[in-house]
Structure formats: C-alpha cells, structure tokens
Amino acid sequence: MSEAAPLMVRFTVNGRSVEVDAAGDVPLLAVLRGDLGLTGSRFGCGLEQCGACMVLVDGAPAYACSRPAWSVADRSVATIEDVGRDPVLAALKQAFLDEQAGQCGYCLSGIVMSARALLAREPSPDRAAVVAALDRHLCRCGVHNRIVRAVQRAAAHLAAEGAAA
Amino acid sequence: MIANQLPRSLADNPRLDAWIGFDAPGQVRIATGKVELGQGVLTTIAQIAAEELDVALRRLRLVSGDTGEGPNEGYTAGSYSVENSGGALRIVCAEVRALFLERAATLLDCAAQELDVEDGAFRRDGRPTGFDYWRLAGDIDLSREATGGAAPKPVAAYRLVGHSQPRTDLPDKIGGGAFIHDMRMPDLLHARVLRQAWRGAELGALDERALHRAARRPIEILREGSFLALLGADEASVEAAAAVAREKAAWSGGERPPDEAAEAGWLMAQPAAERVIAEGEPAEAGERIEATYSRGFIAHASIGPSCALAHWDGTRLDVWTHSQGVYPLRQSLARALGLDPVAVAVRHRQAAGCYGHNGADDAAFDAALLAMRRPGRTVRVQWTRADELTAAPFGAPMAVRLGAALGPQGRPAGWSLDIWSAPHGQRPGMHGAVNLIGAEALSGAPSRVPPGDVPDANGFGSARNAFAPYDLRAQRIVTHFLAGHPVRTSSLRGLGAFANVFAIESFIDELAEAAGQDPVAYRLSLLPDPRARATIEAVAAMAGWSPDAPAGEGTAKGIGFSRYKNKAAYMAAIAEVELDEEVRVARLWCAVDAGLVVNPDGAANQVEGGIVQATSWTLKESVRFREGRAGCTQWDTYPILRFSEVPAVEIRFMDMASEPPLGLGEVAQGPTAAAIGNAVARALGARIRDLPLSRERIIAALM
Ligand code: FES
Ligand code: FES
Numbered sequence: 146m147s148e149a150a151p152l153m154v155r156f157t158v159n160g161r162s163v164e165v166d167a168a169g170d171v172p173l174l175a176v177l178r179g180d181l182g183l184t185g186s187r188f189g190c191g192l193e194q195c196g197a198c199m200v201l202v203d204g205a206p207a208y209a210c211s212r213p214a215w216s217v218a219d220r221s222v223a224t225i226e227d228v229g230r231d232p233v234l235a236a237l238k239q240a241f242l243d244e245q246a247g248q249c250g251y252c253l254s255g256i257v258m259s260a261r262a263l264l265a266r267e268p269s270p271d272r273a274a275v276v277a278a279l280d281r282h283l284c285r286c287g288v289h290n291r292i293v294r295a296v297q298r299a300a301a302h303l304a305a306e307g308a309a310a
Numbered sequence: 038m039i040a041n042q043l044p045r046s047l048a049d050n051p052r053l054d055a056w057i058g059f060d061a062p063g064q065v066r067i068a069t070g071k072v073e074l075g076q077g078v079l080t081t082i083a084q085i086a087a088e089e090l091d092v093a094l095r096r097l098r099l100v101s102g103d104t105g106e107g108p109n110e111g112y113t114a115g116s117y118s119v120e121n122s123g124g125a126l127r128i129v130c131a132e133v134r135a136l137f138l139e140r141a142a143t144l145l146d147c148a149a150q151e152l153d154v155e156d157g158a159f160r161r162d163g164r165p166t167g168f169d170y171w172r173l174a175g176d177i178d179l180s181r182e183a184t185g186g187a188a189p190k191p192v193a194a195y196r197l198v199g200h201s202q203p204r205t206d207l208p209d210k211i212g213g214g215a216f217i218h219d220m221r222m223p224d225l226l227h228a229r230v231l232r233q234a235w236r237g238a239e240l241g242a243l244d245e246r247a248l249h250r251a252a253r254r255p256i257e258i259l260r261e262g263s264f265l266a267l268l269g270a271d272e273a274s275v276e277a278a279a280a281v282a283r284e285k286a287a288w289s290g291g292e293r294p295p296d297e298a299a300e301a302g303w304l305m306a307q308p309a310a311e312r313v314i315a316e317g318e319p320a321e322a323g324e325r326i327e328a329t330y331s332r333g334f335i336a337h338a339s340i341g342p343s344c345a346l347a348h349w350d351g352t353r354l355d356v357w358t359h360s361q362g363v364y365p366l367r368q369s370l371a372r373a374l375g376l377d378p379v380a381v382a383v384r385h386r387q388a389a390g391c392y393g394h395n396g397a398d399d400a401a402f403d404a405a406l407l408a409m410r411r412p413g414r415t416v417r418v419q420w421t422r423a424d425e426l427t428a429a430p431f432g433a434p435m436a437v438r439l440g441a442a443l444g445p446q447g448r449p450a451g452w453s454l455d456i457w458s459a460p461h462g463q464r465p466g467m468h469g470a471v472n473l474i475g476a477e478a479l480s481g482a483p484s485r486v487p488p489g490d491v492p493d494a495n496g497f498g499s500a501r502n503a504f505a506p507y508d509l510r511a512q513r514i515v516t517h518f519l520a521g522h523p524v525r526t527s528s529l530r531g532l533g534a535f536a537n538v539f540a541i542e543s544f545i546d547e548l549a550e551a552a553g554q555d556p557v558a559y560r561l562s563l564l565p566d567p568r569a570r571a572t573i574e575a576v577a578a579m580a581g582w583s584p585d586a587p588a589g590e591g592t593a594k595g596i597g598f599s600r601y602k603n604k605a606a607y608m609a610a611i612a613e614v615e616l617d618e619e620v621r622v623a624r625l626w627c628a629v630d631a632g633l634v635v636n637p638d639g640a641a642n643q644v645e646g647g648i649v650q651a652t653s654w655t656l657k658e659s660v661r662f663r664e665g666r667a668g669c670t671q672w673d674t675y676p677i678l679r680f681s682e683v684p685a686v687e688i689r690f691m692d693m694a695s696e697p698p699l700g701l702g703e704v705a706q707g708p709t710a711a712a713i714g715n716a717v718a719r720a721l722g723a724r725i726r727d728l729p730l731s732r733e734r735i736i737a738a739l740m
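Sequence order for the protein chains is Z and D.
Number 219 in my numbering belongs to position 74 of the first sequence; there are no gaps in the numbering.
Number 125 in my numbering belongs to position 88 of the second sequence; there are no gaps in the numbering.
Read the hints as simulated data drawn from the structure, not as lab findings.
Just so we're clear, the structure is a prediction, and the values are computed from it rather than from any experiment.
The reader is advised that the hints may include incorrect statements.
[Claimed, not checked] Simulated coverage check for chain D against chain Z, where a stretch passes if three residues somewhere in it have a Cβ under 8 Å from a Cβ of chain Z:
#: 1; segment: 383 to 393
#: 2; segment: 457 to 466
#: 3; segment: 472 to 483
#: 4; segment: 676 to 684
[To be verified] Derived DEER-like restraints, expressed as beta-carbon distance ranges:
#: 5; chain 1: D; residue 1: I177; chain 2: Z; residue 2: E164; range: 57 to 65 Å
#: 6; chain 1: D; residue 1: G469; chain 2: Z; residue 2: E267; range: 37 to 45 Å
#: 7; chain 1: Z; residue 1: S269; chain 2: D; residue 2: P223; range: 21 to 29 Å
#: 8; chain 1: Z; residue 1: E164; chain 2: D; residue 2: G469; range: 50 to 58 Å
Beta carbons are placed, not taken as given, at the ideal position from N, Cα and C, and that holds for glycine.
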C-alpha cells in the first residue's frame with residue numbers, strides 16, 4: 146500500500162521549537178511520547194476520561210491522548226519534563242515528594258500539570274478548589290488526600306517564596 | 038526472632054549470594070524476588086537490609102524480579118513481602134555482617150564483639166580500622182548457604198527500621214522513563230492483539246483489506262486460530278487497524294457468560310464442589326437468623342493498561358513484563374511456547390499500580406509469541422483501556438450466607454457460614470495450567486484445566502477470613518467452589534476476605550441489633566484476642582463512637598473489624614456516611630496493629646490507598662455482562678471513586694514495635710466495606726446486603 150503524505154506542523158514544547166509529522170490525526174500524546182521521546186505524559190485511556198496524559202496547551206490543561214497533534218500547530222505545549230525550567234512545576238514536584246503523594250505514580254504527571262494550571266489561576270487554592278481542579282483525574286492507588294495536600298503545600302511554599310506565577 | 042527457623046523465601050533460596058553481593062566499591066547489591074507494584078516494597082526491603090548491615094540506604098542497589106539474577110520468591114502477593122523477603126534479608130544481612138566482622142577481627146587480632154559498623158566501615162572503640170565490607174569482600178565466599186545462626190539486631194537498636202523513609206522510586210515517576218511503557222528499543226515493532234469476546238470464542242472471517250485501509254502506514258496481520266495481532270513500525274497505524282478489527286470481529290461458540298453471572302441467586306444455583314472447612318456444632322434451638330451477602334465482579338482497573346516487550350533471537354527469548362511473578366511466568370511461557378525455561382529470561386519492569394493478577398502476564402505472552410514469529414525484532418504490545426478493563430481477570434463474585442441463633446446474653450450460637458465463589462487464583466502455572474489468554478486463543482490450544490481454590494497454606498482463596506475472629510464456640514464453614522464459572526476470575530487484593538469480612542461484620546451488626554446491644558460493645562464482649570480488642574477500642578475513641586447515636590436519619594457511623602487472613606495485620610475501621618439517593622463516605626477512621634511497622638509513612642500510604650480503593654469497590658464497582666461480554670469498556674461505564682468522593686481518612690498504628698511485622702497491604706479491604714455497609718444500614722434504617730451499595734439499591738431500599 147502507499148503511504149499517506151506527511152503533514153508537518155511546528156509548535157513549541159517546553160520552550161523548544163519542534164517540527165513533526167502530524168498526518169492522519171495522530172494524537173499529540175503519540176507524538177510527544179514517540180517522536181519527541183517525552184515519556185512523562187502517559188497513556189491511560191485515550192478517551193479523555195482519566196487525565197494521565199494531561200499537558201498544557203498555551204497554559205490550559207489539555208488531554209494529549211485524543212487531541213490531534215495538528216491542533217497544536219504554532220502553539221505552546223508544556224509537559225512534566227518542563228520541571229527543569231518552570232519553578233512552579235519544580236515546587237509542585239518537591240511538594241509531592243515531601244508529602245509522599247504517590248504509590249505507583251502513573252497518574253502523577255498529568256495531575257501535576259493540572260495543578261500547575263490551577264496555581265497559575267489561583268495561587269492559594271483552598272481544598273475545594275484543588276479537588277475541583279483535579280476531579281477529572283483518576284488515581285487507582287487512592288493517593289487523593291495526599292495529592293490535595295501536596296498541591297496546597299506547593300502553593301504555600303511558592304507564596305512564601307513570592308514566586309507564584 | 039528465632040534464629041533456626043528460616044523464612045520460606047530463604048529456605049527456597051538458601052545461598053547468601055542469591056540475596057547480597059559487594060560487587061562494586063561502596064555499593065551493596067541486594068536482590069529480592071519481590072517486585073515494586075506501587076506499594077513501596079523496595080524501599081521497605083532496602084530499610085531492612087541497610088539496618089542489619091549498618092550501611093547508608095543510598096549504598097544499596099536493588100535487583101528485583103529478574104529470572105537471571107536474584108532469588109525465586111514466587112509471586113509478590115498476599116501481603117507476604119515484608120514477612121518473607123524482608124524476613125530472609127534480615128537473617129542474610131545479619132549473617133553476612135557477622136562473617137565480615139569475624140574476618141576483620143581475625144585480621145585485627147581482636148574479638149568480633151570489639152568491632153562495630155558505621156556505614157559499612159568497621160570500627161574499634163569508635164575509631165576506624167581501615168577495613169570495610171568492600172575491602173574484605175574478596176576474603177569471604179558468599180556462595181554458601183545461610184545458617185540463620187547470626188542474631189539480627191534487637192528492635193531497640195533500630196535506626197532505619199521503624200522510621201519513615203521516602204520512597205526511593207518516586208522522584209522518577211513524576212517525569213518520564215520510569216515505566217515499562219517508556220522503554221524504547223531500536224527496531225521496535227508495535228503490536229495490538231484482538232481479545233476474544235468471551236472464553237473459547239471463535240473468531241470468524243475478517244476482511245483484512247479493511248484493516249490495511251485503516252492503517253496509514255504498512256501493517257502486518259498475524260492470525261493463528263482466534264489469536265489475531267496487528268504489527269507495524271508505526272504505532273498509530275497499528276492502533277487504527279486494531280480499532281477496525283475490534284469493531285468488525287464476529288464471535289461464535291465458547292462459553293458465553295449469562296447476564297446474571299455475578300448474582301447471588303445464580304451463583305448459589307450452580308454446580309459446585311462442596312468442602313467442609315470446619316464442622317461447627319449442631320444448629321442451636323431457638324430462632325435462627327440468616328442472611329446472605331454478595332459481591333460482584335470487580336475490575337483491577339489499573340490506570341495504565343498492560344504492556345510488555347519481547348525479543349527472540351532464534352535461541353533465546355527475552356521478555357520484559359510487569360508481572361507479579363517472573364519465575365512462574367517464565368515456566369508458563371516456556372510451556373505454552375514449547376521452549377526450555379532456561380532459554381527464557383523474564384525481567385520485571387515497573388508499571389501502573391497492580392492490585393493482583395491483572396493483564397500483565399497475558400500481555401507478556403502476547404509479546405513473547407509475536408517476538409517468536411518475528412525473530413530479531415523487539416515486539417511491544419500495548420493493551421487498550423477496554424482490554425485492561427474487560428480482558429484482565431476479574432475479582433471473583435461471591436455469595437456468603439450466614440446463620441446463627443442468639444443464645445444466653447445475646448451471644449451467637451450454632452454459627453454457620455457458606456460461601457459460593459468463583460476462583461480466586463488462576464495465575465500462570467496454577468493448578469497445572471498455563472493460564473494465559475493469548476495461549477487459549479491459539480488453534481489447537483489444550484482444553485482448559487478446571488482451576489482449584491487457592492491453597493489453605495497460602496491463606497485460603499474463597500475462604501480467606503471465613504473464620505470469624507469471635508468467641509463462637511464452634512463455627513461451621515463450607516465452601517461451594519465454582520470451578521466451572523465461565524468468566525475468568527483470579528486474585529484481586531484481599532481475595533475472599535473482601536466479601537467474607539463484609540458478610541461477617543454485617544452479620545455481627547445484625548445480631549447485635551437483634552440482641553439489643555451496641556455494635557462496638559457487642560464485638561468487644563465476643564473478642565478473645567486482646568490485640569483485636571485494643572484496635573477496636575482505639576478506633577472507637579478516635580471516631581468518638583457513641584452507643585446512642587440515632588439510626589435512620591441519613592447520616593451515621595458504622596464499624597468493621599478483621600485480622601487479615603486471621604494471621605496478618607489487624608484493622609478496625611469506622612466510617613461516617615451521609616446519604617440521600619447516593620452514599621457519601623465523609624470520614625473514615627482506622628486503627629491498625631501491624632506489629633513492627635518498618636516504614637510508617639509508607640504503611641500509612643498503603644492503608645489509606647486500600648481504604649480509598651475499598652470505598653470505591655463498596656460504593657460503585659461491579660462489572661455487568663450483556664450478551665456474553667463485559668460491559669465495562671471505559672471509565673464511563675466502570676466509574677471509580679473520584680477526588681470529590683474520597684473520604685477524609687485518619688489512621689493510627691498501634692504501638693507494637695516489639696512484635697514481628699504483620700503484612701498490611703490488603704488489610705483495609707474488608708473492614709472498610711463492612712464499616713461503610715454498617716453505617717449505611719444505620720443511616721438508612723434498612724440493610725443492603727449486596728455490593729456495591731449503588732444508587733439503584735439505595736433508591737430501592739428507600740421505597
Ligand atoms: S489517557 Fe488521556 S485522558 Fe486518559
Ligand atoms: S498513584 Fe497509582 S494511580 Fe495514582
């Protein structure tokens with residue numbers, strides 16, 4: 146059979162400009178994990194129902210699993226691997242470790258990305274705000290309460306540092 | 038610690054060098070047959086080893102779950118890891134430390150008792166001697182059998198054990214690369230496998246051109262019997278073709294399960310092997326109280342669908358898997374593929390949380406078979422969400438019927454318990470069967486061997502926690518084992534304990550009510566074991582339990598208690614529920630007696646995770662079958678507990694550091710369900726005996 150023609154699109158990932166073949170509605174998650182080797186975003190369902198694949202597109206949480214890669218052309222995508230550049234992500238990761246907010250950890254990358262978007266919007270969220278922001282994420286290990294505490298801990302730390310975005 | 042009684046893992050793998058080595062300067066290799074499933078076991082085991090050796094934790098390099106290296110400890114299951122692997126390493130490390138100290142003492146011409154160890158360096162009177170483990174490693178031959186002769190440290194001397202340690206593996210898991218799903222190999226061939234609609238289902242003719250058309254890049258179609266796989270270098274193309282195959286596949290024959298395959302009435306009407314586990318005493322005269330409780334199929338529902346990789350070079354098969362038991366899997370793979378087990382290397386790689394026998398082993402078979410059909414390529418099989426929810430084995434449905442009469446002072450008499458259960462153990466190799474679904478789909482697959490129940494020595498399967506911990510004079514316990522249940526069921530966290538504890542603890546509440554007694558006081562009056570009583574008293578104090586709390590007012594507390602497997606950790610739980618048409622568990626308190634807790638924070642994390650998961654099972658989860666197929670293909674149709682539904686949890690560990698550690702990974706499942714069930718019965722003023730306590734059942738009970 147003949148191969149379909151490529152559809153090259155350019156976008157930014159974690160501050161780096163990339164160009165990938167996005168033909169055939171290939172999902173953003175496949176491009177991130179496969180072509181770009183960014184395996185921090187995870188495949189959980191491919192159905193926008195678990196949040197394991199959550200990334201930020203222009204700062205807003207977005208499911209990478211079913212969203213076609215072409216839809217992020219000329220946009221800016223952030224993944225958990227941005228932790229080295231983004232002090233808020235770094236603070237979140239540290240807070241998750243301080244609270245030991247994880248068991249298998251498979252759900253965590255996506256959750257941290259949603260929490261990142263929350264803190265941009267609301268630097269000191271109360272418990273209800275954190276729960277609302279994370280409610281579309283699933284965690285089968287049952288780490289929810291620690292995760293909520295970790296997000297609030299990161300917020301408190303950032304507030305103390307005066308560095309919250 | 039009794040020095041001359043070796044834990045099972047050590048008796049099976051007696052050589053010291055199977056467990057430990059000083060291969061690289063400044064490092065200690067610690068091997069364990071237990072694997073990280075998200076439960077933090079590697080951190081706990083490292084603590085135990087580092088404690089006995091007196092080295093810093095960071096010096097340990099853990100080797101885990103590799104058939105080429107390290108001990109064979111069967112499966113990582115049943116909350117045995119700390120007891121068995123931890124118990125073995127405690128003895129091994131104490132012995133190795135003693136051997137090295139003796140050698141150092143000889144070289145220094147002093148008595149071993151004059152020496153101590155500080156981060157691997159041997160000191161005399163607190164001063165360095167110039168010797169350490171690594172310098173003396175060449176002098177000591179560890180290829181000898183453990184004797185169990187060296188006394189491990191007394192608890193009072195512990196510096197690491199009993200103190201919370203952060204998980205060593207967690208930092209990498211917030212980021213990329215930590216999971217089997219992230220492994221990248223050159224020349225990778227991606228694969229998807231079509232799952233049979235039900236056991237024994239035969240695949241009809243499939244329009245292969247339609248599959249090729251759906252793929253954007255070239256794919257291969259491999260079919261053997263009813264085993265159909267799509268392979269290709271481009272994962273998206275393989276998935277696109279697989280989606281069409283799933284939609285177009287037509288199935289016939291086989292064992293189509295009926296829609297009611299999980300219902301108590303159906304289970305109790307099936308042919309079953311009856312076994313009297315305990316004779317009991319003749320039924321008491323007087324009014325007999327009877328009640329039947331049930332649970333349905335529960336899916337493992339791991340957040341990451343199963344994945345495996347394999348490579349065949351013509352003589353040797355390499356498999357990477359997230360199986361709970363690399364050695365048993367190797368045996369089954371070799372048998373199913375006609376290979377000598379020594380030609381197969383199986384290595385554990387981490388994946389999303391595993392709570393029992395899920396799809397990991399089956400995915401490994403898929404990859405292994407396909408690798409042998411495509412020599413020289415590494416084949417990567419990725420299951421879909423629907424595969425994970427419907428093709429992995431389910432937790433077994435059960436019905437539990439209890440009966441007793443009330444004797445003097447309202448004490449139960451003539452206690453009987455009958456269990457109807459589908460199998461709780463169909464892991465690879467169990468009961469002499471291969472037990473891999475891919476192998477069952479091949480043409481000419483051998484007919485299925487009827488499974489047995491999990492052996493009593495492994496803590497029972499359907500009868501796990503069937504013995505009520507109460508002073509009942511004699512209990513009659515009978516299992517009715519449904520070996521022929523058409524749905525593939527196997528081990529899920531707690532096995533039979535989830536339903537048995539729910540049933541027994543619900544029934545105790547029902548008896549307390551009939552006797553006009555407070556459920557907490559009633560339990561305390563019937564419990565002979567002081568540790569059991571202490572956990573119940575502790576949780577009652579934590580929750581502010583009051584005997585005169587009103588019933589039938591939409592909010593209430595309920596209690597549940599068990600000692601897991603009747604020999605592992607104790608847990609007493611109190612749930613507070615709020616109820617309209619749905620149940621909300623607002624708070625859950627629990628007291629746990631797990632003896633010496635090696636890593637308190639890790640243990641609390643495990644117990645809380647168990648509570649949250651059991652809350653989800655209790656309120657929401659059951660798989661429905663329609664036209665032979667499991668209806669839970671997505672999270673939409675198999676909802677689990679969400680952030681907004683998770684109770685506030687308070688956990689207290691009893692101070693029991695002088696007692697041996699007791700397994701606690703599965704302790705929460707039964708008591709949580711029972712506490713919620715009892716709270717709901719009080720809040721509702723009516724009892725629901727079938728799990729889950731779903732919206733429909735609450736509404737029905739309200740009418
Ligand atoms: S993988 Fe994207 S939401 Fe589940
Ligand atoms: S930590 Fe395992 S799914 Fe969340």
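Is it true that the C-beta distance of D:G469 to Z:E267 lies inside 37 to 45 Å, as the hint says? violated (59 Å)
Does 21 to 29 Å hold as the CB distance between Z:S269 and D:P223, or does it fail? violated (48 Å)
Honestly, do D:I177 and Z:E164 meet the 57 to 65 Å range at C-beta? holds (58 Å)
Taking a Cβ-to-Cβ distance below 8 Å as contact, does the segment 472 to 483 of chain D have at least three residues touching chain Z? Per the Cβ count (0), the hint is violated.
Tell me if chain Z covers the segment 457 to 466 of chain D under the three-residue, 8 Å CB rule, please? violated (count 0)
Cβ distance range 50 to 58 Å for Z:E164 and D:G469, holds or violated: Hint holds: Cβ distance 56 Å, inside 50 to 58 Å.
Proximity test - 8 Å, beta-carbon atoms, the segment 676 to 684 of chain D to chain Z, at least three hits: holds (count 6)
Taking 8 Å as the C-beta cutoff, is the stated coverage of the segment 383 to 393 of chain D by chain Z satisfied by three or more residues? holds (count 6)
Checked against the numbered hints given earlier, the structure breaks hints 2, 3, 6 and 7 and satisfies all the rest.
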